[in-house]
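Start from chain A and add chains B, C, D and E according to the hints.
Protein chains in written order, with my numbering: chain A, 5 to 260; chain B, 5 to 260; chain C, 5 to 260; chain D, 5 to 260; chain E, 5 to 260.
No lab work stands behind these hints, which were simulated from the structure alone. Predicted model, so just to flag it, every value in this text is computed and none were measured. The beta carbon of each residue, even a glycine, is placed where N, CA and C say it ideally should be. Fair warning: there could be bad hints in the mix.
[Stated by the list, open to error] 27 Å max Cα-Cα, derived DSS-like pairs, lysine-lysine:
{"#": "1", "chain 1": "C", "residue 1": "K140", "chain 2": "B", "residue 2": "K145"}
{"#": "2", "chain 1": "B", "residue 1": "K145", "chain 2": "C", "residue 2": "K114"}
{"#": "3", "chain 1": "E", "residue 1": "K140", "chain 2": "D", "residue 2": "K145"}
{"#": "4", "chain 1": "C", "residue 1": "K145", "chain 2": "D", "residue 2": "K140"}
{"#": "5", "chain 1": "A", "residue 1": "K140", "chain 2": "E", "residue 2": "K145"}
{"#": "6", "chain 1": "C", "residue 1": "K145", "chain 2": "D", "residue 2": "K145"}
{"#": "7", "chain 1": "A", "residue 1": "K145", "chain 2": "B", "residue 2": "K140"}
{"#": "8", "chain 1": "A", "residue 1": "K145", "chain 2": "B", "residue 2": "K145"}
[To be verified] From the structure, some residues in chain D lie toward chain E, with a derived Cβ separation under 7 Å:
{"#": "9", "residue": "I39"}
{"#": "10", "residue": "L40"}
{"#": "11", "residue": "V167"}
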Amino acid sequence: MDLATTLGLLVAFGLIAVAVVLGGSATAFIDLPAILIVVGGTFGITTMSFSITEVLKSQGLIYKAFLSRDRNPGNAGLLVMELADRARRDGVLTMQMLIGEYESEPFLQKSLGLVVDGVPGDEIETILLREVSAMKDRHTKSASILRRAAEVSPAMGLIGTLVGLVQMLGRLDDPSTIGPSMAVALLTTLYGAILANMVFSPMAAKLERNSNEESLVNTVFLTAAASMGRQENPRRLEMLLNTFLPPAHRLQYYED
Amino acid sequence: MDLATTLGLLVAFGLIAVAVVLGGSATAFIDLPAILIVVGGTFGITTMSFSITEVLKSQGLIYKAFLSRDRNPGNAGLLVMELADRARRDGVLTMQMLIGEYESEPFLQKSLGLVVDGVPGDEIETILLREVSAMKDRHTKSASILRRAAEVSPAMGLIGTLVGLVQMLGRLDDPSTIGPSMAVALLTTLYGAILANMVFSPMAAKLERNSNEESLVNTVFLTAAASMGRQENPRRLEMLLNTFLPPAHRLQYYED
Amino acid sequence: MDLATTLGLLVAFGLIAVAVVLGGSATAFIDLPAILIVVGGTFGITTMSFSITEVLKSQGLIYKAFLSRDRNPGNAGLLVMELADRARRDGVLTMQMLIGEYESEPFLQKSLGLVVDGVPGDEIETILLREVSAMKDRHTKSASILRRAAEVSPAMGLIGTLVGLVQMLGRLDDPSTIGPSMAVALLTTLYGAILANMVFSPMAAKLERNSNEESLVNTVFLTAAASMGRQENPRRLEMLLNTFLPPAHRLQYYED
Amino acid sequence: MDLATTLGLLVAFGLIAVAVVLGGSATAFIDLPAILIVVGGTFGITTMSFSITEVLKSQGLIYKAFLSRDRNPGNAGLLVMELADRARRDGVLTMQMLIGEYESEPFLQKSLGLVVDGVPGDEIETILLREVSAMKDRHTKSASILRRAAEVSPAMGLIGTLVGLVQMLGRLDDPSTIGPSMAVALLTTLYGAILANMVFSPMAAKLERNSNEESLVNTVFLTAAASMGRQENPRRLEMLLNTFLPPAHRLQYYED
Amino acid sequence: MDLATTLGLLVAFGLIAVAVVLGGSATAFIDLPAILIVVGGTFGITTMSFSITEVLKSQGLIYKAFLSRDRNPGNAGLLVMELADRARRDGVLTMQMLIGEYESEPFLQKSLGLVVDGVPGDEIETILLREVSAMKDRHTKSASILRRAAEVSPAMGLIGTLVGLVQMLGRLDDPSTIGPSMAVALLTTLYGAILANMVFSPMAAKLERNSNEESLVNTVFLTAAASMGRQENPRRLEMLLNTFLPPAHRLQYYED
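Bound conformation, chain A alone:
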């Protein structure tokens, strides 16, 4: 589970929960119709702009993206340099024995598998690049669904509040109901603001960030596999990796 996401969510929601409980009336903040209007309405309108398959598929991808660990392209680079060094010394077939060690990196396993199978380097690159681009494509779609939801939820909150206000204003003759009615009316705006600003917006930003890192790490793996397949010198691989790694993660495996 990604630490920053968990911690950030816990801190933000925790502080609001504390404020609600200290206020002494936590139940006043839960109103089923208000929840239904904002959550259901946001789901409905977001679905309208896409297709049902897309919305459901992205649900799964979003959870998965959140469970993904923080990826470090620099470490991935070091790892493949070691592998490439070893493949150079002991032959690519030694990779066969190493594949089992990287259960947590299915993409690396797949890449090495292709090397062991003797697929030529350029073909390895073509096959894996297509897969990386397909993955990125799915993530972009999911992020755009989240961004749309972040636009829709405050609008649904406003609509819910207007409905509540119109109802309240129709019963103005009984002053004792004004306060509670107005409180309920404001709840949808509150739910909409929370959903948009504390859930959908940061989730979309996170998903985009994770997707970028994931595809950077995968590009490291595929570049290494292609390089092994072409039986290149690992020094050339280091040079290749440094052309696209961000400055902070550049490699210096050989001391020169």
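This is chains B, C, D and E only, laid out in the frame that chain A set:
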């Protein structure tokens, strides 16, 4: 009828209707002058920015776009691969017999018709590309009319509410009318928010999405027809289609 | 007079006028100081961002643009094809007799005049293209003044309302004046919203749209005149026109 | 002094002043702490985003830009055509006597001075182009400071109003102070709206517009000086100037 | 410490503090739960969109960037011209003795060190350019974290205010608590507005401005070091520097 649109609209409007009915005063939410100001005003101002012919023409296109099924470019690709395979084996004239089977795909019928008529491949491409671009052009115009309406309707809602507030404030001496007058004033804001966020905005997004898919599927059809007209090997057609199909829909008709 | 503009304006303003009159206090909606602040202030601030000559000149252009008929580039194309056909058959000097018939199209008259005067085709193109670009230039300037006014007027409305609120709050001791004072304060916001959303914004959009169509029609005229001046075959003119006419207006003058 | 700016400011501020005075309580609109928060706060925050030297230097440039007359590139073009014509007939040294006549155009004086000094044409162009670009650079910086101030001032107005509201709500037990306290609280929002919409925003737009015209006029002067320095035919100068003068200001000095 | 930042912050916060104290109830402006919701919530949500390491690392960079002096690229240019002149006359090894004098400019020290070590000019350029780009990369990341915080904090303020309003409306029966409860509710909006407009937004703008100047000065240093390494004539260095220095800072070291 497109499922996501119907379902999304039903869920969102249904939840709001339930909230309105549970509030016990559903009739308080219907006010003819308010509806006229928001709906009529939005129509009037949107028309001002375009021409009457454009607005009326797009009306029809919008309904049509909504009734269109969910298009699957991958399936369209498989279908044309089968057709191309068959044309390769049994000659393009066999297409003559197959045209009748695709009544639900008029663009495919037209494409095959050109092949059967012996129009050269490059000319087929030119004719059909022009048609696809003309269709896209009409959809873009309709989507931009919807987007404009989504901008105008909240503004008309605000104007209606201000008119209502000024009227209410002029009769402040009779306190019993304040509530209902204010409720009516807020109704135009509510109508404007609903029209913009639950109707025009998602409809524009949907129209653009459907238009993109429609023209992708039509491009699949026209590429296949042009390829048949040039009497190319279907393997080359598969390669051509894969250059523009999205990753998730790439074809692998031949096992290689 | 452009139909969509007239109708749109009438519908939108008519509906609001009906709502105001039905509310029973139409005079409550007219307040001279409020009108002066919003209209005068918007004029003043908009002028500040440009120069006086520019604002006055564009005034005239705006009225003229609104009086302009709906232009149809397709019809203009058919007209020049007929003229080019005739010029081809009977010689360009026959154009001399036809010029008088197109009083409603001064730009076409001017174009044909250059052909009759024997000005070479390329020179005709240079002279007229410069004129089309100068006209477009003036329209863009006028549209940007309208867009600026659409930004300024709600701001002036807000400022007027704040002035009114501060005055009202200073006399809170006499409750009977609160309602009417607040109503007057809200009027400037109402005026600002109406000016921006129902006048300046759609007028700017319309002006840009009309300007685009006007210069498309004029480009049709100048292309035809240049083609006649070069004594080209009208079939070539048709091809030239189809390269820039929108799909819906493409010509098919010759049956091929 | 620029007429449009003076007139626009006078009209807009005059109308508001009239509304304030007619309201009978002009002093209610002046509150020193409110002025300090909005004006001082806007100055402080704007300075934070830049450096003190930049903010002070641009102060001077802003006044200067406002005092600059309305520049007419067409007239500047005619003037340099006359000068070039004379230089062609009587030799560039006659420029020596004419320099004194153009005290109001220091950039023209400088340009002619270089011609008289016998600096080669291409070098004149290089030197003066650098100066024009440095001037434009300074104006862009000043305009961006004004744009930033237009963003900051409404924010400071909102902060001031929130401070006032919190103070007012703490003394709600004495109802007679509610009105005046709220009025004072709203003043900062009013000041912020006035500063942003009636001062900073139009000033930035004006500065950018003036800067564009100034550098267009200066480019006319430098092009002429370079052309004289290269001893070119004035007809060639006319052609050169027409390539960058806007359509409405194109020259036709020679009758052809 | 950067003067504009300190002064700007002091002026803006000082004026608000004065207004708060003059209002007589300074303690009413401090509410721990409100501070926790806005500050903690902003921190939590901002962290969610990035990773914990990134947020912590940027913390340090932000303080450092604020402590950095105002950099003057023109002065840096003059300094390196003097050094280059001296290196030309007395040999690059004299640089060895001068390095110690520039303790306040570690990047200049590093650049000169490479020259003294005899690293070839082109290699010096490659090594140092990579470092400048890595530094810029880190600053851009930090600025984007600040910009995100400036978006999140007003949203957290709004959420806090809605929570407070719902609580207040639930206890409307005791009118004496309305004022203070509402005051507390508004505090979170106030905190959010202050954080976004007076802290995060100007800090991000400043950081970007400082980063640009820092990397301009460093580019001056590295260009000079590379030029010394290539043993070029200092006149060529002056020309090189003038190609990228802004107009106001252009050098004229040699009198020509």
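Status of the hints after comparison with the structure:
{"no.": "1", "hint": "K140/C <-> K145/B", "result": "22 Å, holds"}
{"no.": "2", "hint": "K145/B <-> K114/C", "result": "33 Å, violated"}
{"no.": "3", "hint": "K140/E <-> K145/D", "result": "22 Å, holds"}
{"no.": "4", "hint": "K145/C <-> K140/D", "result": "22 Å, holds"}
{"no.": "5", "hint": "K140/A <-> K145/E", "result": "22 Å, holds"}
{"no.": "6", "hint": "K145/C <-> K145/D", "result": "24 Å, holds"}
{"no.": "7", "hint": "K145/A <-> K140/B", "result": "22 Å, holds"}
{"no.": "8", "hint": "K145/A <-> K145/B", "result": "25 Å, holds"}
{"no.": "9", "hint": "I39", "result": "10 Å, violated"}
{"no.": "10", "hint": "L40", "result": "5 Å, holds"}
{"no.": "11", "hint": "V167", "result": "6 Å, holds"}
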